[in-house]
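*Asks:* What follows is each chain in one-letter form.
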Amino acid sequence: EDKVVQSPLSLVVHEGDTVTLNCSYEVTNFRSLLWYKQEKKAPTFLFMLTSSGIEKKSGRLSSILDKKELFSILNITATQTGDSAVYLCAVSTGTASKLTFGTGTRLQVTL
Amino acid sequence: DAGVIQSPRHEVTEMGQEVTLRCKPISGHDYLFWYRQTMMRGLELLIYFNNNVPIDDSGMPEDRFSAKMPNASFSTLKIQPSEPRDSAVYFCASSRDRVIQYFGPGTRLTVL
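Protein chains in written order, with my numbering: chain A, 1205 to 1315; chain B, 9 to 120.
For reference, chain A alone in the conformation it holds in the complex (with noise of 0.2 Å):
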């Protein structure tokens, strides 16, 4: 059975901490691995990650895998309270279109 497994399950920090979140990932055939983002609605995309050491980033959001560690880690710098949010990672397998995600990061981010 495919596993996501994300660490911390939460974490409390101050405005303008550098976080970083990580998921784990044993799966059959990996294709992708993908990070979202829920607030209190919708997950919301944010990044798809297919090689190996290539960083993807997106301000002050960035996110790194590592296929043979089978792992990857989002990193959050200078974070805001706007950052408050559960952080999802997901990994795509195989011929299929399914994601199996992992129960989420949720961080908070105070004053």
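Read the hints as simulated data drawn from the structure, not as lab findings. One should not assume that every hint holds.
[Stated by the list, open to error] Pairs of lysine to aspartate or glutamate, EDC-like flavour, derived with a Cα cap of 16 Å: (1) Lys-1302/A with Glu-26/B; (2) Lys-86/B with Asp-38/B; (3) Lys-86/B with Glu-26/B; (4) Lys-1271/A with Glu-1243/A; (5) Lys-1302/A with Asp-38/B; (6) Lys-1302/A with Glu-22/B; (7) Lys-1302/A with Glu-52/B; (8) Lys-1207/A with Glu-52/B; (9) Lys-1302/A with Asp-64/B; (10) Lys-1241/A with Asp-1206/A; (11) Lys-1302/A with Asp-1206/A; (12) Lys-1272/A with Glu-1230/A.
Model the placement of chain B on the given structure of chain A, informed by the hints.
*Replies:* Same frame as chain A, now just chain B:
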């Protein structure tokens, strides 16, 4: 461009009643997915369609759940009869490239 549209946004019903959730995918997206999210189990894929055809329904919990996609712009997820353990947020998502999925706002279902 409108995103994925779901209705209703909230549904409260009594055990044993039939519930129908609706979804309109983003125009031009050939893939449609139904997910369920709970605190205990996170986000779980129930079923997905490609070009209106169900491809994988292995995540559908049991025969009480059914889904249809009569055309490219509409899908329904039906629960009959509903049970309290079906209480969750149900998301619909659509995709053009099979992988990057765009989620609707969800339907929060409460079964009393």
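*Asks:* Look at each hint and say if it fits the structure.
*Replies:* Outcome of the hint check:
Of the pairs offered as hints, the one joining Lys-1302/A and Glu-26/B is violated, with about 27 Å between alpha carbons and a cut-off of 16 Å exceeded. A threshold of 16 Å between alpha carbons decides the hint, and for Lys-86/B with Asp-38/B the separation of about 21 Å lies outside it, so the pair is violated. At most 16 Å may separate the alpha-carbon atoms for a hinted pair to count; Lys-86/B and Glu-26/B meet this at roughly 7 Å. In summary, the hint linking Lys-1271/A to Glu-1243/A is not supported, as the alpha carbons are separated by about 28 Å, beyond the 16 Å threshold.
Distance restraint check for Lys-1302/A and Asp-38/B: the Cα-Cα separation of roughly 14 Å lies within the 16 Å cut-off, and the hinted pair is therefore satisfied. Distance hint between Lys-1302/A and Glu-22/B is unfulfilled; the C-alpha atoms sit about 32 Å from each other, more than 16 Å. Note on Lys-1302/A and Glu-52/B: the hinted pairing holds, with a Cα-Cα distance of about 10 Å set against a maximum of 16 Å. Taken as a hint, the Lys-1207/A and Glu-52/B pair is honoured in the structure, with Cα atoms around 12 Å apart against an allowance of 16 Å.
For the hint pairing Lys-1302/A with Asp-64/B, the CA-to-CA distance comes to about 9 Å; that is within 16 Å, so the pair holds. Taken as a hint, the Lys-1241/A and Asp-1206/A pair is broken in the structure, with Cα atoms around 21 Å apart against an allowance of 16 Å. Pair hint Lys-1302/A plus Asp-1206/A holds up; C-alpha atoms about 11 Å apart against a cutoff of 16 Å. Of the pairs offered as hints, the one joining Lys-1272/A and Glu-1230/A holds, with about 11 Å between alpha carbons and a cut-off of 16 Å not exceeded.
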